[in-house]
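Visitor: Sequence:
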Amino acid sequence: MFKTQLYLLRPFILFSLLLISTLLISRVCLGLWQIERFNDVTSFLTLLFNGLRIDLSILGYVVLLPALIHPWLIRTSFKIKWLNILKYSFGFIFISVIFFELATPAFINEYGFRPNRLFIEYLPYPNEVFNMLVNGHLFTLVTVLILLLVSCKAFLILFNTFISNHCRVKTISLSAASISFLLLFITLFISARGSFGHRPINPALVYFSTDPLINSLTLNSTYSVAHAFAQLGDERNASKLYGKMEDKKVIQLIQQATRLDAQSFTSIEQPSFSQRQASYQGKPKNLVIILEESLGAQFVSSLGGLTLTPEIDKLNQQGWMFKNLYATGTRSVRGIEAVITGFTPTPARAVVKLDKSQQGFFTIASLLKDNNYATQFIYGGESHFDNMKSFFLGNGFTDIVDFNDIEDPKFVASWGASDEDLFNQADTELTKLHKGDKPFFSLIFTSSNHDPFEIPDNVVTPISYSNKQYDQKEQLRHKAIQYADFALGRFITKAKTQDYWQNTVFLIVADHDARAQASDLVPIKNFHIPGVILNSGKAPFIDNRIVSQIDLAPTLLSLIGINNNSPMLGHDLNNKNASGRAMMQYADNFAYMTGEEVTILQPNKAPLNFVYDQDLKTLSPTSINRHLSDTALAHVLWGSLAYQNEWYSSDNLTNTNYVVTP
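Following the working numbering, the numbering of the sequence shown begins with 1 at its first residue and continues without gaps.
FYI, nobody ran anything at the bench for these hints, they're computed from the structure. Owing to the predicted nature of the structure, the values given are computational and were not obtained by experimental measurement. For glycine and all other residues, C-beta sits at the position ideal for the given N, C-alpha and C. One should not assume that every hint holds.
Stated by the list, open to error - Computed cross-link-like contacts, DSS-like style, restricted to lysine-lysine with a CA-CA straight-line distance of at most 25 Å:
1. Lys353 <-> Lys283
2. Lys285 <-> Lys538
3. Lys576 <-> Lys283
What the hints assert, rightly or not - Beta-carbon label-pair distances, calculated as ranges:
4. Glu246 <-> Pro462: 54 to 60 Å
5. Tyr122 <-> Lys410: 26 to 32 Å
6. Lys283 <-> Gln263: 25 to 31 Å
7. Arg75 <-> Glu246: 40 to 46 Å
8. Phe541 <-> Lys248: 35 to 41 Å
9. Val134 <-> Leu32: 27 to 33 Å
Hey, can you work out the whole structure from these sequences and the hints?
Guide: Shown next as structure tokens:
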């Protein structure tokens with residue numbers, strides 16, 4: 001009987017040992033690679049133990065179904081075919097796991113944690129991703145493919161040998177099959193569930209560090225991606241991650257945080273809708289927003305960074321410069337969401353990509369279109385990327401200019417036409433719009449400063465630093481930043497000579513920083529970005545307030561003379577008493593900062609409070625600030641509520657029939 005039981009269980013024992021060993025070796029290697037992030041040996045051992053729980057869970061899920069079938073099919077004449085099906089099924093699972101683990105180091109280098117939701121979001125764009133990999137990561141791509149082929153061959157040899165030996169036992173009794181079935185089911189069910197508690201295992205149960213990368217290493221990459229995929233269908237419900245709060249209190253706190261008078265909120269159906277008076281009351285001005293790809297404050301010397309952006313440094317002296325401006329996220333769509341819609345960041349995908357926001361969702365383009373503006377989006381790449389084209393056309397943009405419309409581009413990279421070609425086209429488009437009979441709004445989105453950092457030759461001279469050495473990838477990034485800065489400066493210089501300049505407000509702002517890889521739960525220093533408004537009607541000055549990307553849209557509408565009713569929570573920074581707070585979404589962690597105080601929310605954990613030192617760029621733990629924690633929770637819940645209940649609809653932009661909320 002024992003020999004028969006061993007016969008039945010052997011394929012699963014062999015595969016389990018192979019899979020768990022592979023994941024253990026991968027985690028050990030990744031941990032040793034990042035060993036400086038660990039405080040002591042105990043934390044490293046905790047990583048391995050908690051990681052084993054996750055590995056057993058993923059094993060239980062992927063093996064459970066074939067395990068339930070195996071004891072019965074092995075008794076039939078279908079035995080040989082079933083063993084081959086099992087071999088190829090296990091092979092597919094094993095190679096998939098190997099693939100995700102091999103992809104992990106490159107992903108960590110770029111984003112600071114294992115493959116997750118971002119990995120999934122790139123899948124619908126195979127051409128862009130393939131070009132990026134071939135042109136910027138060819139060695140990594142070839143290495144991964146070779147290792148996958150070697151792993152596949154080794155697996156097939158191992159299991160072919162095993163199957164040939166496995167077929168010697170001829171008869172399997174019903175009792176032996178039944179016992180094997182029960183053993184496999186109970187063992188794998190417990191493994192998959194990973195816990196005897198009320199809830200099955202999830203990332204929050206195994207996270208133990210305040211370093212998001214270490215927490216990420218506790219997972220395996222297959223589990224991380226699968227968990228992110230499972231959350232896509234439930235992304236409107238942030239309360240499942242951070243905790244619940246009564247809707248009434250959420251509304252009260254987010255209204256208070258806008259620093260608007262209570263009488264400004266006059267719609268019962270849309271609680272954030274408020275009436276705003278523009279600071280400028282003359283003829284409506286044109287608006288141009290230049291969204292610079294991946295340009296953090298760490299590269300801008302006037303913000304304490306490297307000396308890579310002399311043109312932006314000059315512009316900062318000529319306009320309304322934001323010294324402490326913070327992005328809401330780490331992806332371009334998150335920057336677009338904040339700057340164009342003023343929507344608060346959430347753990348879900350940005351609204352640019354969500355189904356219910358593709359039509360009738362508030363943007364400043366929809367507001368300006370209703371105020372008789374021509375509205376346009378200009379991009380050097382394919383505008384379908386990240387669902388931008390669909391979102392923009394459905395929400396107020398009437399004209400899309402992308403790669404196919406760029407006239408005679410001189411340099412084409414993986415992500416489209418170069419920034420010089422983009423700005424040449426932008427100058428042509430703005431000149432056309434100026435000759436029209438409407439004021440205009442144009443959003444210009446750059447792409448040259450994007451991995452794999454392909455730029456024209458002999459345009460910029462790389463800067464060398466005597467006090468620090470950078471690897472080849474970082475040197476390419478620096479050169480691309482220099483080029484992006486050069487192209488921007490060249491465009492602004494030309495724009496100042498054009499007729500459209502005089503009556504046009506320009507905002508130059510980054511969508512997000514290049515990397516966010518510090519050991520903090522939310523690396524606030526990597527959310528610090530440049531931003532400057534030109535032609536604001538004010539004398540050049542430095543604004544030292546803490547500012548969020550969501551504050552920019554209300555401020556710009558005020559500067560161009562648009563009185564409006566809108567659902568935005570951002571502050572009009574023309575009011576000297578406004579702002580002083582920022583909010584940031586980093587994977588599943590959310591930070592709310594006001595002054596030097598920061599509350600950080602993590603999934604299924606109590607809020608933590610810190611003090612952020614602006615000079616040293618460090619977070620220090622401090623005692624809990626209950627009001628700040630509640631305000632943070634209200635803001636992270638607000639996005640889910642507003643999206644679910646369609647409180648961010650653009651239907652009432654011109655509605656003046658308001659009822660004062662009791």
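Visitor: Determine for every hint whether it applies to the structure shown.
Guide: Each hint, compared with the structure:
no. : hint                          : verdict
1   : Lys353 <-> Lys283             : violated, 35 Å
2   : Lys285 <-> Lys538             : holds, 14 Å
3   : Lys576 <-> Lys283             : holds, 24 Å
4   : Glu246 <-> Pro462: 54 to 60 Å : holds, 56 Å
5   : Tyr122 <-> Lys410: 26 to 32 Å : holds, 28 Å
6   : Lys283 <-> Gln263: 25 to 31 Å : holds, 29 Å
7   : Arg75 <-> Glu246: 40 to 46 Å  : violated, 58 Å
8   : Phe541 <-> Lys248: 35 to 41 Å : holds, 40 Å
9   : Val134 <-> Leu32: 27 to 33 Å  : holds, 30 Å
Of the numbered hints listed earlier, those contradicted by the structure are 1, 7.
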